[in-house]
Amino acid sequence: MINYLVTITIFFPALTAIFLLLLNDKNKIVFTSIFSSVITFVFSLFLFLTYDKNLGGIQYIDHFKWIDSINIKSSYLVGIDGFSAPLVLLTGLLSLVACMASWRIEKRVKEYFIWILLLETSVLGVFTSLDLLLFFVFFEFELIPMYMLISIWGSGRKEYSATKFVIFTLAGGAFMLIAILALFSSASVTNLSMVSIPEIGILGIPELIAGQKLVIPASIIFIFFFIAFAVKLPLWPLHNWLPDAHTDAPTAVSIMLAGVLLKMAGYGLFRINLGFFQETLGFQIFDYTNLLVLLGTISIIYGAIVTLRQTDLKRLIAYSSISHMGYVLLGFSAMTNDQNYSYYSLNGSAMQMFTHGTITGLSFLTVGLIYDRTHTRDINKLGALTRKMPMVALFFMISGLASLGLPGFSGFVSEIMIFLGTYKIFPVYTIISAFGVVLAAAYILWMTQRALFGENKLKSDDKTYDFNSLKDASMFDLLPAFIITIPIILIGIWPNIFIDFFDLGIKEIIR
Amino acid sequence: MMEYSELIYILSPIILVFTSLFVLMIDFFTSRKSIILFSALTGLVISAMVSILQFISFEANQSIFFDTLVFDKFYLFSAISLILITSAILLAFYDYIVNQISFRSEFISLLLLSLVGSLFVIMATDFITIYLSLELSSLPIIALIAFGRGKFSLEAAFKYLILASFSTGIFLTGVVYIYGVTGSLSLNNIILSEINPAIILGLVFLFIGLAFKLSIAPWHMWTPDTYQGSPMPIVTYLSTGSKVAGFALSIRIFSEIFSSNISFTNLIIFLSIISFASMTVGNLGAILQKDLKRLFAYSTVAHAGYMLVGIIALISTKSSGSTTLFYVVGYAVTNLSVFLSLQHIINLSKSTSIESLNGLFKSHPLVSIIFAFGILSLLGIPATVGFMGKVLVFSAAVNNGLIILAIAGVINSFISAYYYLGLLRNIFVSSEKFVQKGNSNNTYTLVAFISTILVLVLGVYPDLILSSIDNVIAEL
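If you're matching them up, the sequences are chains A and B in order. Residues 1 to 511 (my numbering) make up the first sequence, in order. Residues 1 to 476 (my numbering) make up the second sequence, in order.
No wet-lab data here; the hints were simulated from the structure. Keep in mind that this is a model prediction, so the values were computed, not measured. Think of the CB as a built atom: it goes at the ideal place given N, C-alpha and C, for glycine as much as any other residue. Check the hints yourself; a few may be wrong.
Unchecked claim - Over the 12 Å line for every Cβ pair with chain B, so calculated as not near, a few chain A residues: (1) Leu5; (2) Lys28; (3) Ile39; (4) Leu134; (5) Glu199; (6) Ile202; (7) Leu470.
As the list claims (entries may be wrong) - Straight-line distance between alpha carbons at most 20 Å, and here's what the computed SDA-like set of lysine to any residue pairs gives: (8) A:Lys73 with B:Lys318; (9) A:Lys107 with B:Ser431; (10) A:Lys73 with B:Ile465; (11) B:Lys362 with A:Leu23.
Said to hold, decoys possible - Negatives, chain A to chain B, calculated, CB over 12 Å: (12) Asn27; (13) Leu308; (14) Val438.
Take these sequences, add in the hints, and give me the full structure.
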């Protein structure tokens with residue numbers, strides 16, 4: 001094992017960001033950033049491939065004492081396990097794609113890449129940190145890069161959307177901070193480690209609070225954590241920021257936002273809400289899954305219905321994200337004390353996080369390519385794009401079909417796993433949620449039919465773009481789309497590479 | 001029995017007094033502006049070194065001058081921070097003092113005297129001494145405010161004068177009640193063995209007297225006006241040095257008085273309401289402001305509310321005092337960088353309105369980044385000292401069962417995002433062009449840069465001073 005590999009992976013983008021300060025030439029900046037994201041991706045791939053599945057547990061641990069005060073104790077503790085390894089890989093992959101997709105950027109290039117790289121560092125930090133306060137630090141730090149990226153390089157009502165995003169997330173973060181402090185106020189909690197690591201003698205919070213009476217009731221702490229993640233997921237009725245933020249963000253930021261930032265919430269649900277509250281006194285997560293599944297189902301159906309009404313391509317994908325992230329919660333809620341029983345749905349839920357990351361990433365990427373050329377995202381002004389840009393349309397179709405859950409693509413695998421698992425526990429909710437798939441088929445097919453096929457609907461006096469001079473994307477534009485398609489098809493054909501990992505991780509979270 | 005050897009314990013204030021007199025006299029003999037400032041800085045550096053040496057070679061707490069002063073690590077730690085902050089202010093505002101203040105030696109001399117007063121405030125363990133040193137620290141400030149040349153300066157000075165005397169009166173009333181019940185003026189001898197309405201009343205009066213100085217709502221009214229009318233070095237001193245001294249005094253009083261096991265539920269509820277009011281009034285007030293100095297004045301009020309949370313927790317658990325001390329030191333460092341970069345910006349734009357920040361980043365990236373780090377620290381974004389301070393203070397609150405207060409604090413810091421982000425938006429996002437009307441000196445950015453580094457270092461690795469702060473509070 002190589003020491004400090006996780007730490008290097010987390011901070012490599014941030015170091016590159018500092019290095020970028022010295023550069024002035026635009027091409028050098030773009031090249032350095034893409035190169036750095038390639039290196040980070042290689043690191044994350046290396047972590048993923050060398051994670052020893054036979055050994056299991058937390059690997060590549062870096063541990064230092066950080067804050068050692070009477071009032072709070074916390075340590076710098078990072079490492080990966082079966083659950084976080086695929087998400088680290090996803091972050092590396094999507095950051096690479098995001099950097100490559102931004103090579104055309106003209107405005108304030110240096111700052112742009114600095115923020116993107118800092119964003120990557122903070123997301124990697126969230127997925128690898130095993131100390132609760134450290135987790136929170138990375139979770140909150142991501143706000144500033146996102147605020148800057150949306151409000152400077154965005155379009156439309158960008159400042160409004162950026163502020164809305166920050167205010168929603170900060171409000172969620174406020175709840176999380178209180179929950180963390182409330183956990184620490186209990187006498188039995190002597191450190192803030194999120195997991196137990198026997199190798200270095202650390203007892204995690206799940207063990208420390210098991211069966212103990214907490215100063216603040218466990219149910220309140222649970223709800224506070226849940227609200228923080230529900231905002232980020234986003235869950236109906238806290239989803240309001242997402243369509244605005246997505247619509248007004250630049251392409252690469254939409255990719256990062258939908259691809260990895262939403263997954264931080266799912267990761268938190270598994271690691272904290274599920275990990276901590278299994279054996280707490282007076283409140284166990286298993287007794288309250290009815291409420292979770294209800295929220296998940298509402299999100300799925302609500303998101304899908306609202307998606308049907310959208311005419312802006314980006315907004316449409318944003319609302320479909322709400323619906324798709326609802327599946328994460330649906331799969332998450334179908335859990336019981338019995339490991340084998342909830343195997344399918346929890347695994348499917350984790351898979352859904354990964355697959356949604358790649359699929360939406362591809363969707364936003366291709367919408368960005370379309371928008372670059374047509375300068376509009378309004379479906380009513382598009383149409384017949386397959387004739388002029390077949391490659392972009394092909395990738396857009398792939399993302400659409402994967403998103404509606406066509407067998408052979410990754411979306412199918414995760415959705416079928418979720419439904420198989422939840423049907424045993426919540427048959428009614430599963431049947432209702434399954435209509436989400438029907439609705440997804442409706443909005444995806446209807447959208448592609450209107451935007452890609454048929455006749456071009458641009459009015460003759462509308463000078464938004466000239467249909468006859470439209471050109472297909474260049475090779476360099478299509479390269480990131482190609483890269484991101486690989487996992488979509490790979491998982492569709494051979495899901496086991498990731499299922500093994502999530503299986504391992506989830507079995508350790510459910511004890 | 002007093003011995004002359006006890007003078008060694010108050011060596012740094014003595015050095016400062018002599019420096020202050022020397023600065024005043026040297027004005028008669030030389031017209032060179034730099035000598036005045038140079039001698040003042042030399043005196044400050046020497047007294048800081050003396051304090052640091054005393055801190056390193058510290059042996060045991062000493063009660064000196066007939067038990068009216070105490071020499072302990074707490075005093076030394078606060079004194080070192082105070083002296084360093086004042087030196088940084090004088091160094092950075094060199095240009096300002098030379099060009100915009102008519103009576104510079106008097107100005108510097110009075111500032112040093114106020115600093116001496118603040119040092120004695122932290123040392124004092126007797127209510128009479130506390131009263132005298134509080135007066136010594138605030139009377140020079142009144143004159144210093146009036147040194148400003150703005151149209152609001154006299155108004156600001158007069159407001160501060162009236163309210164300072166008023167608050168001292170209330171403070172003394174509180175002392176009278178406490179003396180009446182316990183029969184002692186010395187903090188060491190006051191032992192509250194029972195809850196007596198007169199004691200509660202006395203403590204409330206005492207607290208209100210302090211709250212004026214700390215600009216805690218609803219006794220904050222002077223803050224925005226004074227900030228707007230005062231010369232910037234004094235604004236910076238009021239929001240950094242003055243705060244450190246005031247909160248250090250509160251920590252000392254509260255930890256000495258409440259060392260018994262009685263639970264002061266009513267007092268805790270009263271203080272919690274005040275703390276909540278201060279945060280809310282500060283943040284909501286700041287949202288409405290259009291002037292940068294007034295905005296930061298209201299932000300000071302809000303931060304005083306957060307710091308009070310640690311003081312309330314101190315009533316139940318003594319060790320919670322370290323959170324407030326950490327917060328106030330971190331806040332002083334942050335505000336130092338904020339106000340210095342603000343002065344730099346004001347020199348450039350010749351305006352204090354928020355709109356004057358528009359497009360600053362494009363024309364002056366360095367000062368924008370320093371200013372932005374300061375704002376992020378005030379907002380409490382991770383990796384800055386402001387975040388660590390808030391985490392510590394709220395954790396102290398939750399540990400002592402004040403979860404509602406912690407929730408109020410966290411929600412408030414979330415409200416404050418609105419106006420802090422508004423400033424960032426003006427600086428970074430706005431597409432308007434920055435209107436430059438003057439030039440500025442790089443000393444502001446240099447000193448602000450150093451304090452920004454401190455903000456980040458303490459934010460990433462708070463243990464650097466946190467362990468010694470814990471230690472300092474434990475030996476109180």
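Evaluated hints:
No Cβ of chain B approaches the Cβ of leucine 5 of chain A within 12 Å, the least distance being about 21 Å, so the stated non-interface status holds. The Cβ of lysine 28 of chain A lies farther than 12 Å from every Cβ of chain B, with a closest approach of about 19 Å, so its non-interface assignment holds. Every C-beta of chain B lies more than 12 Å from that of isoleucine 39 of chain A, the closest at about 23 Å, which supports listing it as non-interface. In this structure leucine 134 of chain A is not separated from chain B by more than 12 Å, as the shortest Cβ-Cβ distance comes to only about 9 Å.
In this structure glutamate 199 of chain A is separated from chain B by more than 12 Å, as the shortest Cβ-Cβ distance comes to about 24 Å. Distance to chain B confirms isoleucine 202 of chain A as a non-interface residue, since its nearest Cβ pair spans about 18 Å, more than 12 Å. The Cβ of leucine 470 of chain A lies farther than 12 Å from every Cβ of chain B, with a closest approach of about 30 Å, so its non-interface assignment holds. Note on lysine 73 of chain A and lysine 318 of chain B: the hinted pairing holds, with a Cα-Cα distance of about 17 Å set against a maximum of 20 Å.
The suggested pairing of lysine 107 of chain A with serine 431 of chain B holds, with an alpha-carbon distance near 12 Å, which does not exceed 20 Å. Taking the CA atoms of lysine 73 of chain A and isoleucine 465 of chain B, the gap is about 15 Å. The hint holds against a cut of 20 Å. Distance restraint check for lysine 362 of chain B and leucine 23 of chain A: the Cα-Cα separation of roughly 17 Å lies within the 20 Å cut-off, and the hinted pair is therefore satisfied. Asparagine 27 of chain A, annotated as away from the interface, keeps every beta carbon of chain B farther than 12 Å; the closest lies near 21 Å.
No beta-carbon of chain B is positioned within 12 Å of the beta-carbon of leucine 308 of chain A; the least distance is around 34 Å. Residue placement check: valine 438 of chain A keeps its beta carbon more than 12 Å from all beta carbons of chain B (closest about 40 Å).
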